[in-house]
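> Fit chain B to the supplied structure of chain A, relying on the hints for placement.
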Amino acid sequence: MDGVIKVGMADLKATSSPGILTTLGLGSCVGIVLYDDKSKIGGMAHIMLPSSRIANGNNINDAKFADTAIDKLLGIMTGMGAKLTNITAKLVGGSQMFTSKNGSNDVLKIGQKNVDQTLKILQEKDIKVVAQDTGGNYGRTIELYSETGVLLIKTIGHGVKQI
Amino acid sequence: MPLSFEQINDSYMDILKELGNIGAGNAATSLSVMLNRRIDMSVPKATIVGFNELESIIGSEDLLVAAIYLEFTGDIQGTIMFVLSQDSAKNLISLLMGFEVNSEESDVFSEFEISALQEVGNILAGAYLGAVSMFTKLTMKLSIPSFAFDMIGAVLSVPMIEFGHLSDRALFIETDFMYGSNSIKGDFLVIPDLESYSIILKALGVM
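Taken in sequence, the protein lines are chains A and B.
Sequential numbering from 4 applies to the first sequence in the working numbering.
Sequential numbering from 3 applies to the second sequence in the working numbering.
Derived by calculation from the structure, the hints in this document are not laboratory data.
A couple of the hints might just be wrong.
[What the hints assert, rightly or not] Residues from chain A that face chain B, not an exhaustive set, calculated with beta carbons under 8 Å:
| # | residue |
| --- | --- |
| 1 | Ala13 |
| 2 | Asp14 |
| 3 | Leu29 |
| 4 | Leu52 |
| 5 | Ser54 |
| 6 | Ser55 |
| 7 | Lys67 |
| 8 | Met100 |
| 9 | Gly142 |
| 10 | Thr144 |
| 11 | Ile159 |
Keep in mind it's a predicted model, so treat the numbers as computed, not measured.
The C-beta atom is built at its ideal place from N, Cα and C for all residues, glycine as well.
Chain A with its partners taken away, still in its complex shape (with noise of 0.2 Å):
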């Protein structure tokens, strides 16, 4: 795909327009996308755990992390020129990909766990979340086209949505 950004697991990366971010198998990592519709400019964080205070060891990666891919992301997009009152931010993912028959296995809940923790970061930050796509027991690729905004959302049979 010409033109298209991928962005990794534990990875984030921005764009003015028309740029397109992707992020491809999302499962229980969560997608982070922050927009600011005025500039155009999009980010996209693909976290895996929800707060870098957790982390042992002194080199952290600030993409594996909700809170400080949060950070990393908001410095990136407002130095190519977006304005922080402007950014919004969309969710995906956090699913839980395999169902434990023996009861609660919280490694396979790390989904929701994720989910629920950038929610709050990102309300700490006052950063309001405009759509929601996340839970279930399903992986999905997303797109973000940074010209419109709108982050298209592909599923393996739950369909193709756009939010």
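Chain B alone, transformed into the frame defined by chain A:
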């Protein structure tokens, strides 16, 4: 004290590969017995992969796969996944049953087919861990298998997130199982958690 990936040198990798070889050999034998067919396996690969370069070992993250997921706990812990393409999974089921399975339901895989695949995953993982256990004298318990038919990136996000706490990379011990001219090709992934490496290496007396 868990080893960091920087401390896992080539000779440790060779040992982990050899352990993979023993485990996978036992798993291939059990699959062969189950199907009453000759099953080939590749030499296991042990690779340390960064989360953002997942594509390099599994192909595109939106590749559609049937995945059987198991966890093992005990002296060492980690995740086992048996990953097949849709065609491979269907071929494996018909070989197992001895007849073509036509799914009339709207879902790609029927409940019956999913159970069959889960059981294959269970037997393979059991055989693999059995060999590892015999060799290392470590004991571990296998979880009940789960199944997903979805994008490989989404499926692998589950074990990756477990690693996310400690590292930006994970170690995969990978073996391909093949039958016929690739009519069935499965990817058997063992992803031990970070604490387990030093335990394995100590149990083998190399650390």
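> Evaluate each hint against the coordinates.
So, going through the hints one by one against the coordinates:
1. Ala13: holds (4 Å)
2. Asp14: holds (5 Å)
3. Leu29: holds (6 Å)
4. Leu52: holds (5 Å)
5. Ser54: At about 11 Å, which exceeds the 8 Å cut-off, the nearest Cβ of chain B leaves the hint on A/Ser54 violated.
6. Ser55: Violated. Min distance 11 Å.
7. Lys67: holds (6 Å)
8. Met100: With a minimum Cβ separation of about 5 Å from chain B (threshold 8 Å), the hint on A/Met100 holds.
9. Gly142: holds (3 Å)
10. Thr144: Since chain B brings a Cβ to about 5 Å from A/Thr144, closer than 8 Å, the hint holds.
11. Ile159: A/Ile159 check passes; min Cβ-Cβ to chain B is 5 Å, inside 8 Å.
Figure legend: structure checked against the earlier numbered hints; hints not met, in rising order: 5 and 6.
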